[in-house]
Amino acid sequence: MATETAQAAGSTAPASGHEHLRLEDRIWLLRAMLLMRGIEERAMSLYRQGKVPGSFYDGFGQEAVSAGAAFAMAPEDRLCILHRDLAAHLIRGVTPVRILSQYMGRAAGITRGRDGNVHFGDRSLGCVGMVSMLPDMMLVATGMAMAFKLRGERRCALTWFGDGSTSRGDFHEAMNWAGVQKLPVVFILENNQYAYSTPLDKQFAVDPVERAAAYGFTGVTVDGNDAEAMFDATREARQRAIDGRGPTLIEAVTMRMHGHAAHDDMKYVPKEQVEEWRRRDPVERQERRLRELDVDVDALRAEVAAAIDTAATEALAGPMPTPDDVLEGVFCAGEAEPLGDGQAPWSGFAAAGGGA
Amino acid sequence: MAVMTYLQAISAALRDELRADERVLMMGEDIGVFGGAFKVTDGFAAEFGTDRVMDTPLAESAIIGCAVGAAVVGMRPVCEMQFADFISCGFDQLVNVAGKMHYRQGLAVPIVVRLPSGGGFSGGPFHSQNPEALFMHSPGIKVVAPSTAEDAKGLLHAAIHDPNPVCFMEHKHLYRRVKGEVPDGVFETPFSARVARSGSDLVVIAYGAMVDVALAATEDLEGASIEVLDLRSLVPLDEAAILDSVARCSKVVIVDEANMTCAAGAQVAALVAEKAFEDLDGPVVRVATPDVPIPFSPPLEQAVLPGVDRVKEACRELLAY
Numbered sequence: 001m002a003t004e005t006a007q008a009a010g011s012t013a014p015a016s017g018h019e020h021l022r023l024e025d026r027i028w029l030l031r032a033m034l035l036m037r038g039i040e041e042r043a044m045s046l047y048r049q050g051k052v053p054g055s056f057y058d059g060f061g062q063e064a065v066s067a068g069a070a071f072a073m074a075p076e077d078r079l080c081i082l083h084r085d086l087a088a089h090l091i092r093g094v095t096p097v098r099i100l101s102q103y104m105g106r107a108a109g110i111t112r113g114r115d116g117n118v119h120f121g122d123r124s125l126g127c128v129g130m131v132s133m134l135p136d137m138m139l140v141a142t143g144m145a146m147a148f149k150l151r152g153e154r155r156c157a158l159t160w161f162g163d164g165s166t167s168r169g170d171f172h173e174a175m176n177w178a179g180v181q182k183l184p185v186v187f188i189l190e191n192n193q194y195a196y197s198t199p200l201d202k203q204f205a206v207d208p209v210e211r212a213a214a215y216g217f218t219g220v221t222v223d224g225n226d227a228e229a230m231f232d233a234t235r236e237a238r239q240r241a242i243d244g245r246g247p248t249l250i251e252a253v254t255m256r257m258h259g260h261a262a263h264d265d266m267k268y269v270p271k272e273q274v275e276e277w278r279r280r281d282p283v284e285r286q287e288r289r290l291r292e293l294d295v296d297v298d299a300l301r302a303e304v305a306a307a308i309d310t311a312a313t314e315a316l317a318g319p320m321p322t323p324d325d326v327l328e329g330v331f332c333a334g335e336a337e338p339l340g341d342g343q344a345p346w347s348g349f350a351a352a353g354g355g356a
Numbered sequence: 001m002a003v004m005t006y007l008q009a010i011s012a013a014l015r016d017e018l019r020a021d022e023r024v025l026m027m028g029e030d031i032g033v034f035g036g037a038f039k040v041t042d043g044f045a046a047e048f049g050t051d052r053v054m055d056t057p058l059a060e061s062a063i064i065g066c067a068v069g070a071a072v073v074g075m076r077p078v079c080e081m082q083f084a085d086f087i088s089c090g091f092d093q094l095v096n097v098a099g100k101m102h103y104r105q106g107l108a109v110p111i112v113v114r115l116p117s118g119g120g121f122s123g124g125p126f127h128s129q130n131p132e133a134l135f136m137h138s139p140g141i142k143v144v145a146p147s148t149a150e151d152a153k154g155l156l157h158a159a160i161h162d163p164n165p166v167c168f169m170e171h172k173h174l175y176r177r178v179k180g181e182v183p184d185g186v187f188e189t190p191f192s193a194r195v196a197r198s199g200s201d202l203v204v205i206a207y208g209a210m211v212d213v214a215l216a217a218t219e220d221l222e223g224a225s226i227e228v229l230d231l232r233s234l235v236p237l238d239e240a241a242i243l244d245s246v247a248r249c250s251k252v253v254i255v256d257e258a259n260m261t262c263a264a265g266a267q268v269a270a271l272v273a274e275k276a277f278e279d280l281d282g283p284v285v286r287v288a289t290p291d292v293p294i295p296f297s298p299p300l301e302q303a304v305l306p307g308v309d310r311v312k313e314a315c316r317e318l319l320a321y
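First to last, the protein sequences are chains A and B.
No gaps in the numbering here: position 50 of the first sequence is 50 in this note's numbering, and each next residue is one more.
No gaps in the numbering here: position 252 of the second sequence is 252 in this note's numbering, and each next residue is one more.
Rather than coming from a laboratory, the hints here were simulated on the basis of the structure.
Built from N, CA and C at the ideal position, the CB exists for glycine as well.
Check each hint, because a few of them may be wrong.
What the hints assert, rightly or not - Sample of chain B residues facing chain A (criterion: CB under 7 Å; computed from the structure):
(1) VAL68
(2) MET75
(3) ASP92
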């Protein structure tokens with residue numbers, strides 16, 4: 001089904017001013033980014049009220065990277081999502097109330113309080129949660145892609161990682177393995193200028209997108225603050241993957257506009273750099289596009305804000321987990337439950353009779 | 001029943017699984033065309049193809065990480081570390097990604113990591129280690145260590161069928177030295193201990209290659225009745241079997257080939273101290289490799305690895321206590 005989906009999708013040619021995105025798709029992208037920003041702002045406020053334990057990590061300013069990329073993924077594709085990529089979870093179908101519950105360590109959170117922050121993946125939606133050792137999930141995504149190829153399935157795996165991750169051995173091992181076996185995997189390097197406090201010039205001597213060629217596959221650099229550009233690049237990478245033409249490294253150039261986590265005032269970032277990137281805000285950019293197409297963006301904003309209010313109220317009313325079963329679930333006692341398919345709202349999949 | 005070496009039993013289990021279940025996949029360095037450094041997968045590539053008996057890049061972290069990815073989308077990967085020592089390079093993927101997956105998000109990771117382990121043949125510091133205790137200390141990973149051909153096959157079948165990450169400690173020294181009758185077809189050996197010889201005066205608790213050492217050391221110990229308990233599984237650890245042996249024998253010698261500190265035997269000693277104190281007629285005695293890297297030269301290696309003489313001496317002293 002994936003084959004038909006993707007091939008037919010290329011020929012739908014919707015008339016919204018974008019080759020592959022209908023107006024409803026372009027609105028979907030904005031909605032996902034507004035939701036991500038709104039949920040994270042609410043979570044930061046809950047953190048300051050002491051309701052989010054530990055620390056809080058957000059993706060303010062990077063919303064387009066996960067929104068655009070995840071929007072190009074089919075239901076049967078599999079995703080390993082990084083901590084600044086909340087929009088990907090939303091696009092796959094995770095509800096705001098479960099996300100806010102997750103941040104607050106509540107029973108209704110995706111991990112039922114067993115892991116925090118964005119360390120989650122809803123397996124029923126085809127997502128595998130990240131670990132803190134970055135970029136470990138590059139190898140997990142590579143292994144998924146290996147299985148797809150072995151079984152002759154036309155589907156792909158996708159994962160995100162940051163600029164700091166390119167220094168770790170697992171980056172090399174995954175890039176090399178994926179290149180050697182020509183696997184259907186999409187690697188998204190989320191270059192947000194800083195790994196915690198470490199700037200790019202202390203991380204690598206050569207722009208890592210150039211390394212893709214050395215591993216034998218395509219590397220492209222994309223404006224990571226443009227959700228539609230991210231969608232375009234990822235759609236092409238996915239097509240390349242399922243056509244058997246190998247992996248793609250997409251370098252999404254963006255900026256982490258907040259500190260590494262809630263405690264970090266990011267004094268190490270020059271003010272001018274922040275100001276420059278503020279003018280390139282990805283949410284405002286998509287809003288401008290849609291206003292020009294006479295979309296009622298204010299109504300959309302109001303709808304999203306109301307949804308977040310409702311979710312926050314519900315999440316706050318939800319119970320904390322009880323320690324009764326804290327020792328359970330270390331091992332799987334029965335049959336292994338498989339990953340399910342995620343939501344895939346892009347009209348290209350629906351138009352082709354895809355599973356979305 | 002057929003008589004097989006320990007190595008042949010492992011090969012037979014893998015071959016049976018590849019034939020029976022198309023989800024099963026072998027991943028490792030030089031395991032395909034070459035048939036593996038120890039020839040465990042000799043001939044497999046010809047029968048099953050190099051997609052299912054995969055020569056991977058020299059990248060242990062990738063072997064484990066890619067196995068995890070393949071497992072969560074429905075495969076049953078069996079990874080070979082060429083030597084158990086090299087799992088240090090895949091430690092992070094095994095401990096942090098595989099081991100914690102089910103607890104965090106309810107996602108099972110059915111992978112087996114075969115770890116050719118142990119010393120005794122001048123492998124030196126990087127080809128002789130017994131790293132099993134590292135994984136006993138890491139939640140979410142099962143650890144088994146057969147000492148006989150039958151258990152090598154049965155435990156490997158059970159490990160491949162298990163929905164969790166399993167470290168399969170296969171002792172290199174036993175590969176061609178141990179031979180025995182192995183039942184035909186696919187069978188599972190439970191992850192529990194086995195009484196290798198029953199006795200009543202003293203119990204030697206061991207696993208892997210140390211089971212044979214324990215049996216040889218206590219075969220004729222001035223007529224004493226010596227039990228040998230083969231743990232077979234370290235995670236889960238068969239507490240009931242250990243406590244039962246201690247209750248009947250009252251004297252305990254625990255043998256590890258691994259380095260002494262925090263070895264599997266240390267956990268067994270702690271268990272006995274906590275739960276069987278009243279049953280003891282003497283101190284818990286441990287025999288293990290001292291906390292040194294395994295040296296290369298034969299007289300040096302023999303000086304540190306527990307052998308028949310050291311176990312014999314430990315038993316004699318404890319019997320006389």
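- Can ASP92/B be said to touch chain A, with a Cβ gap under 7 Å? OK, holds: ASP92/B within 7 Å of chain A, min 5 Å.
- Query: How about VAL68/B: closest beta carbon in chain A under 7 Å, or not?
  - Reply: Given a least distance of 5 Å, the restraint on VAL68/B holds.
- Task: Identify whether the interface hint at MET75/B stands, where standing means a beta carbon of chain A within less than 7 Å of its own.
- Result: Nearest chain A Cβ about 5 Å off; hint holds.
Violated hints for the displayed structure: none, as all numbered hints are satisfied.
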